[in-house]
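Number of protein chains: 2
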Amino acid sequence: MTSLPQGFRAHVANVGIKDDTDDFVVIAADRPCVAAGLFTKSRFSGCSVIVSREAVANQRLQAMVVISKNANVATGTEGMANAREVTEAVARLVGAEANDILIASTGVIGRQYPMPALRAHLSSPSLPFDVVDAEATARAIMTTDTHPKVASATVGTSTIVGIAKGVGMIEPDMATLITLFFTDAALEPAVLEAMFRRVIDRTFNAVSIDTDTSTSDTAAIMASGVAGPVDTTEFEAGLYEVALALTLMVARDGEGATKLLTVTVNHARDGAQAKRVAKAIVNSPLVKTAVHGADPNWGRVAMAIGKCSDDHDIDAEKVTIRFGDQEVYPSRVNDAGLAALSHYMTGENVLIAVDLAIAEGTFTVYGCDLSDGYVRINADYTT
Amino acid sequence: MTSLPQGFRAHVANVGIKDDTDDFVVIAADRPCVAAGLFTKSRFSGCSVIVSREAVANQRLQAMVVISKNANVATGTEGMANAREVTEAVARLVGAEANDILIASTGVIGRQYPMPALRAHLSSPSLPFDVVDAEATARAIMTTDTHPKVASATVGTSTIVGIAKGVGMIEPDMATLITLFFTDAALEPAVLEAMFRRVIDRTFNAVSIDTDTSTSDTAAIMASGVAGPVDTTEFEAGLYEVALALTLMVARDGEGATKLLTVTVNHARDGAQAKRVAKAIVNSPLVKTAVHGADPNWGRVAMAIGKCSDDHDIDAEKVTIRFGDQEVYPSRVNDAGLAALSHYMTGENVLIAVDLAIAEGTFTVYGCDLSDGYVRINADYTT
Numbered sequence: 001m002t003s004l005p006q007g008f009r010a011h012v013a014n015v016g017i018k019d020d021t022d023d024f025v026v027i028a029a030d031r032p033c034v035a036a037g038l039f040t041k042s043r044f045s046g047c048s049v050i051v052s053r054e055a056v057a058n059q060r061l062q063a064m065v066v067i068s069k070n071a072n073v074a075t076g077t078e079g080m081a082n083a084r085e086v087t088e089a090v091a092r093l094v095g096a097e098a099n100d101i102l103i104a105s106t107g108v109i110g111r112q113y114p115m116p117a118l119r120a121h122l123s124s125p126s127l128p129f130d131v132v133d134a135e136a137t138a139r140a141i142m143t144t145d146t147h148p149k150v151a152s153a154t155v156g157t158s159t160i161v162g163i164a165k166g167v168g169m170i171e172p173d174m175a176t177l178i179t180l181f182f183t184d185a186a187l188e189p190a191v192l193e194a195m196f197r198r199v200i201d202r203t204f205n206a207v208s209i210d211t212d213t214s215t216s217d218t219a220a221i222m223a224s225g226v227a228g229p230v231d232t233t234e235f236e237a238g239l240y241e242v243a244l245a246l247t248l249m250v251a252r253d254g255e256g257a258t259k260l261l262t263v264t265v266n267h268a269r270d271g272a273q274a275k276r277v278a279k280a281i282v283n284s285p286l287v288k289t290a291v292h293g294a295d296p297n298w299g300r301v302a303m304a305i306g307k308c309s310d311d312h313d314i315d316a317e318k319v320t321i322r323f324g325d326q327e328v329y330p331s332r333v334n335d336a337g338l339a340a341l342s343h344y345m346t347g348e349n350v351l352i353a354v355d356l357a358i359a360e361g362t363f364t365v366y367g368c369d370l371s372d373g374y375v376r377i378n379a380d381y382t383t
Numbered sequence: 384m385t386s387l388p389q390g391f392r393a394h395v396a397n398v399g400i401k402d403d404t405d406d407f408v409v410i411a412a413d414r415p416c417v418a419a420g421l422f423t424k425s426r427f428s429g430c431s432v433i434v435s436r437e438a439v440a441n442q443r444l445q446a447m448v449v450i451s452k453n454a455n456v457a458t459g460t461e462g463m464a465n466a467r468e469v470t471e472a473v474a475r476l477v478g479a480e481a482n483d484i485l486i487a488s489t490g491v492i493g494r495q496y497p498m499p500a501l502r503a504h505l506s507s508p509s510l511p512f513d514v515v516d517a518e519a520t521a522r523a524i525m526t527t528d529t530h531p532k533v534a535s536a537t538v539g540t541s542t543i544v545g546i547a548k549g550v551g552m553i554e555p556d557m558a559t560l561i562t563l564f565f566t567d568a569a570l571e572p573a574v575l576e577a578m579f580r581r582v583i584d585r586t587f588n589a590v591s592i593d594t595d596t597s598t599s600d601t602a603a604i605m606a607s608g609v610a611g612p613v614d615t616t617e618f619e620a621g622l623y624e625v626a627l628a629l630t631l632m633v634a635r636d637g638e639g640a641t642k643l644l645t646v647t648v649n650h651a652r653d654g655a656q657a658k659r660v661a662k663a664i665v666n667s668p669l670v671k672t673a674v675h676g677a678d679p680n681w682g683r684v685a686m687a688i689g690k691c692s693d694d695h696d697i698d699a700e701k702v703t704i705r706f707g708d709q710e711v712y713p714s715r716v717n718d719a720g721l722a723a724l725s726h727y728m729t730g731e732n733v734l735i736a737v738d739l740a741i742a743e744g745t746f747t748v749y750g751c752d753l754s755d756g757y758v759r760i761n762a763d764y765t766t
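Which chain is which? The protein sequence lines are A and E, in order.
Counting in the working numbering, the first sequence runs from 1 upward without gaps.
Counting in the working numbering, the second sequence runs from 384 upward without gaps.
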């Protein structure tokens, strides 16, 4: 069992938002923590995102509440008032200020929270904060994920525990990503925020399931400080390790996914160009269907690179493409190589590596294949 | 039967590139024509695109040659030499200069033309230019299109005939689009080029099947002048009508498509913003699968609009979303409306209209639903 770090406890419950599975989670610290948060950039950001962005602006949080199966998006002023009512009630119950509560929601768009049920639950004089098992906590924020997602690392005397949900959908509506991190390390707010941004950029911001961006994506971290100071370089490495492990779980559990697709671009002009090219490849429906069909179709990878039409320094004559360890362009694969390659493509892990031969920029992104399962999950549903 | 305009004749043949269907077409004029061409912006542009871009730079063409089932992309210096050898041979056969020949190819990437077969065919002292039927010409440039695509219009004493192939795939490799227009109207080169650019921007550049961009996309027009001068405003309207008809045929015939999806964005800041938002919607896999499942899931449309995160003037509180004539956001649909809407969504034509309430920009794009058929066509193939 992975336990939450020192100083954190969780309350897990079913408040009847949709069915009888757990749909309400609060992870609380004994006192205010140093915190950082990153949110969707959507122009249709949900009420939870708006409230939480405000809450984390002062780099301090004492609790995070997650409501599942209702996104509270496109719900107007009533939705905003409901989000604030929930965070105020949770603040009262954990003995914190309302502005120290982060809220994250995921689920159907355009429907109000079932406030009578939420009010009934939150009107108790106290709630049991009896869960320290990270897996039980992760299970309670799941929607259509096929398994709970937990990862942890130890850095010096401190522990980092991360949980995530996604990228299964809810109802099926949207592949919302929520990922929350807890640590007992003591860190300066500015150091934690900068580090969190760097780590998320190379992990959760590098995962693509279907190019669609949720209105509710939320990533946040709380550091209780109970375990005292840590070496920040080591801590960042540990945080990266935890975030990457969760990212890979999310990509593998993508809607209808049967394979993890990793795309690395090396020797780009800079990291931004490497990321742009890698995303063009990992998001290409033609590349994703080829990977699903175990077809080492490098022509589609060339096509996807070619889509970066503003990158005038990309020269088709200098590009190298590999599937796994096997170069497929410009060198051509012989028959023996092709047999080995076809076998490689049937595995659960497919790596596509591109070298642009320009400069030192590098980036890796994570995604999955595109299957009939994806279409069926997303089409066989009527509002 | 739609005939090619005065002054044009076609040669159609099988040279055995892949099977026994026609794979080689030359449409030639009696003398050099005023011409314009637009090509893919891919960084992996094919040899045909490179040669043709040079040829049309002087706004003059005398013939267009289309080779099917081999893209001549990523074939290096040998591929470039082959493309030039073909255009030189065609020039000799039609009595034109090599630089007045446009070449377009579509098919497998990374394989050389079967030059012995092409040389054998092109070494005849003359080739029969015995086809004037536009449909027979359009059929000969098809790959996996389910039907030939022809449209025509009459403007004054002149005729405009357009043919197109796509967006079925070849082999399945790439949804290459080739669309060629012929007219006997007399037009100034600069006038024709500017007009052609405006028309293609609102038609073929507004179609999206799967966000993937071919290495070989080619649109070109030749004006023989035989019918004399025309009113240019009327001519542009006629050209737009022909190009739009072909665009809708292409979108409807998209890989695995069962529905034509039209997305119109009104009252945007400008046309560019309207196009950006419309493309975000028409390309969203979650919107496309919802349309496939006949689900009026406006939450996914809101999500797709929200993806335009740099458009800070888009205000979720001011946006209106319609499916067909029915507003679905912010007004909610009642039960009677929902029944009508569900019926509407089962039809072959689905319109999604968005009003951004900013200014006067407007744009319409055309696409299709995302079906299991798309995945099967693109995955069930091994190189």
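FYI, nobody ran anything at the bench for these hints, they're computed from the structure.
Worth double-checking, as some hints may not be accurate.
As the list claims (entries may be wrong) - In silico DSBU-like links for lysine-lysine, alpha-carbon gap of 30 Å or less:
no., chain 1, residue 1, chain 2, residue 2
1, E, K424, A, K41
2, E, K662, E, K424
3, A, K279, A, K41
4, A, K279, E, K662
5, A, K279, E, K401
6, A, K69, E, K452
7, E, K424, A, K69
Treat the numbers as computed from the prediction; the structure is a model and nothing was measured.
Each hint, compared with the structure:
The suggested pairing of K424/E with K41/A holds, with an alpha-carbon distance near 29 Å, which does not exceed 30 Å. For the suggested pair K662/E and K424/E, the alpha carbons sit about 17 Å apart, so the restraint of at most 30 Å is met. For the hint pairing K279/A with K41/A, the CA-to-CA distance comes to about 17 Å; that is within 30 Å, so the pair holds. Pair hint K279/A plus K662/E holds up; C-alpha atoms about 18 Å apart against a cutoff of 30 Å.
Note on K279/A and K401/E: the hinted pairing is violated, with a Cα-Cα distance of about 34 Å set against a maximum of 30 Å. For the given pair, K69/A sits about 49 Å from K452/E by alpha-carbon distance, which is inconsistent with the 30 Å threshold. Among the hinted pairs, K424/E with K69/A is inconsistent with the structure: their alpha-carbon atoms are about 43 Å apart, more than 30 Å.
Consistency with the previously given hints fails for numbers 5, 6, 7, ordered from lowest to highest.
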